[in-house]
Amino acid sequence: DRLRSRGLGDVYKRQVNTCSVTNMAERKSRQMLHRAKKLNPEAVVVATGCYVQVSEEEARADAAVDLVLGNNQKRQIVTALDAYFEGRTFDDVLADVEKEQYEELEVSTVLEHTRAFVKVQDGCNQFCSYCIIPYARGKIKSRKPEDVIAEIEQLVMFGTKEVIIAGINTGTYGKDLGNINLAKLIELIMTKTNLWRLRLSSIELMEVSDELLAIMKKYQYRIANHLHIPLQGGNDQTLVRMRRKYLTSDYRNLIVKIRNNFPNIAITTDCLAGFVGETEDEFKDSLAFIKEMNFANMHIFPYSRRKGTKADEMCGHLDNSIIKERAKKLTLIAKDMRESYQKKFIGQIVEVLFEQQKGVCFVGHTSNYLEIYCTNGNPNIINEVKKCLITHFEKGKLYARIEAVSYTHLR
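For what it's worth, the numbering used here labels the leading residue of the sequence shown as 32, then goes sequentially.
FYI, nobody ran anything at the bench for these hints, they're computed from the structure. Careful, some of the hints might be misleading.
Said to hold, decoys possible - Straight-line C-alpha distance at most 30 angstroms; calculated DSBU-like pairs for lysine-lysine:
(1) Lys150 with Lys170
(2) Lys355 with Lys426
(3) Lys248 with Lys175
(4) Lys175 with Lys206
(5) Lys248 with Lys223
To be verified - Distance ranges between label pairs, derived from CB positions:
(6) Ser352 with Met188: 50 to 60 angstroms
(7) Leu363 with Lys288: 24 to 34 angstroms
(8) Leu363 with Met221: 37 to 47 angstroms
(9) Lys288 with Lys59: 35 to 45 angstroms
(10) Tyr252 with Phe116: 44 to 54 angstroms
(11) Ala56 with Asp367: 24 to 34 angstroms
(12) Thr406 with Leu318: 48 to 58 angstroms
(13) Leu363 with Ala114: 50 to 60 angstroms
(14) Ser232 with Lys59: 19 to 29 angstroms
(15) Ala56 with Arg290: 29 to 39 angstroms
(16) Ala114 with Ala245: 50 to 60 angstroms
(17) Gly190 with Thr222: 13 to 23 angstroms
(18) Ser232 with Val271: 24 to 34 angstroms
Glycine residues also receive a C-beta, built at the ideal position from the N, C-alpha and C atoms.
Assemble the whole structure, with the sequences as input and the hints as a guide.
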């Protein structure tokens, strides 16, 4: 509104929130900045986010960028633009990323009513040797529980049925507040809102506590039967070089415990391919361990060398061709495990929250994150929950037949 009062509409500003998690992400961020300027040469292009935070000089030198704002200055964009249009400088754009208070960004409307991400935490104290994120995001910062509850209540009012709790290191939620943790936050959400389904985005092995598992059990009809627990490497020597906080035996023991409590749970993971110094034998160990864990799905990331990380200073960086080949092998294993997990559910009746339409099919997800395709002659069923019979698997997809509408666990 302040910009419009100056006669400057939305067409005159472009904000690009950048990423720096990999070299590819940085490259795409730079490309998007240039695209924004090309689409509207008269626009003031504002670059925000992690790429700006870790590569300030490069971002400032980019001809496509007029103004940079660090990760803790996103709320100050209007103030910064005011200064820009008045010919003044806004020098504190990259002020202390280590500040401890969570930066609250309010949501007034939502575009998607089926599923929404709610960020509850920022920052990371882990400092894995390959990761630039702790330098870009700073120390852990947790959002006040009352603000989380208020946002979820608002989303439910808008019709959102599933909320994904997210953060840079979600499992550390509350450690800086001292009087709450992730399990207690989830119980508050369960008791204080009418949210239909809650899902965790990702959680580190060390943060999967008995208390958290007990809460998941207690509210199993409203908390997704799905945990995404990053592995990164399946060999102990590799994990030590990565500065992860566990060994393969720790990982195995927890997965066994989880599956004993939740037999059909989807356990998904992340894995780095071709980390520094990884020998052929270490890679074979990783392949064997991954197959043993039998994940429901894996996200494979080729190792990306990041300036400023401990791994960048290590000896033994692999040739890019080796990294690509190992990523390819991991991707094939991930595909086999995913399809094997999906086929287990053929013939079962599941609850599906339908989210979109693809061609003649409506598509949605179950609690354990099975993607379900359903051909349906009925009217639009997006954002509806239905019981479906999974009938068959074809070309990498699970197909189902609608049996009934289901709101069984809104009770």
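Open item on the list: Tell me if the beta carbons of Ala56 and Asp367 are separated by a distance inside 24 to 34 angstroms.
Closed with: Distance hint for Ala56, Asp367 holds at roughly 28 angstroms.
- [ ] Starting from the hint 35 to 45 angstroms, judge whether the C-beta atoms of Lys288 and Lys59 obey it.
- [x] About 39 angstroms separates the Cβ atoms of Lys288 and Lys59, which means 35 to 45 angstroms holds.
Task: Pair hint outcome, Lys175 versus Lys206 [Cα-Cα no greater than 30 angstroms] - done: holds (12 angstroms)
Task: Phe116 and Tyr252 - C-beta distance against the hinted 44 to 54 angstroms - done: holds (53 angstroms)
Task: Distance restraint hint 19 to 29 angstroms, applied to the beta-carbon atoms of Ser232 and Lys59 - done: holds (21 angstroms)
Open item on the list: Is 37 to 47 angstroms respected by the C-beta to C-beta distance linking Leu363 and Met221?
Closed with: 39 angstroms Cβ-Cβ, so the 37 to 47 angstroms window holds.
Open item on the list: Quick check on a hinted range of 24 to 34 angstroms for Ser232 and Val271, using CB atoms only.
Closed with: holds (27 angstroms)
- [ ] Could you tell me whether the CB distance from Thr406 to Leu318 stays inside 48 to 58 angstroms?
- [x] violated (38 angstroms)
Task: Gly190 versus Thr222 beta-carbon gap, inside 13 to 23 angstroms or not - done: holds (21 angstroms)
- [ ] Compare the distance between the alpha carbons of Lys248 and Lys175 with 30 angstroms, and conclude whether the hinted pair is satisfied.
- [x] holds (25 angstroms)
Task: Whether the CB-CB distance between Ala114 and Ala245 falls inside 50 to 60 angstroms - done: Given a distance of about 51 angstroms, which is inside 50 to 60 angstroms, the answer is holds.
Task: Ser352 versus Met188 beta-carbon gap, inside 50 to 60 angstroms or not - done: Because 53 angstroms falls inside the window, the suggested range holds.
Hint violations for this structure: number 12 only, all remaining hints satisfied.
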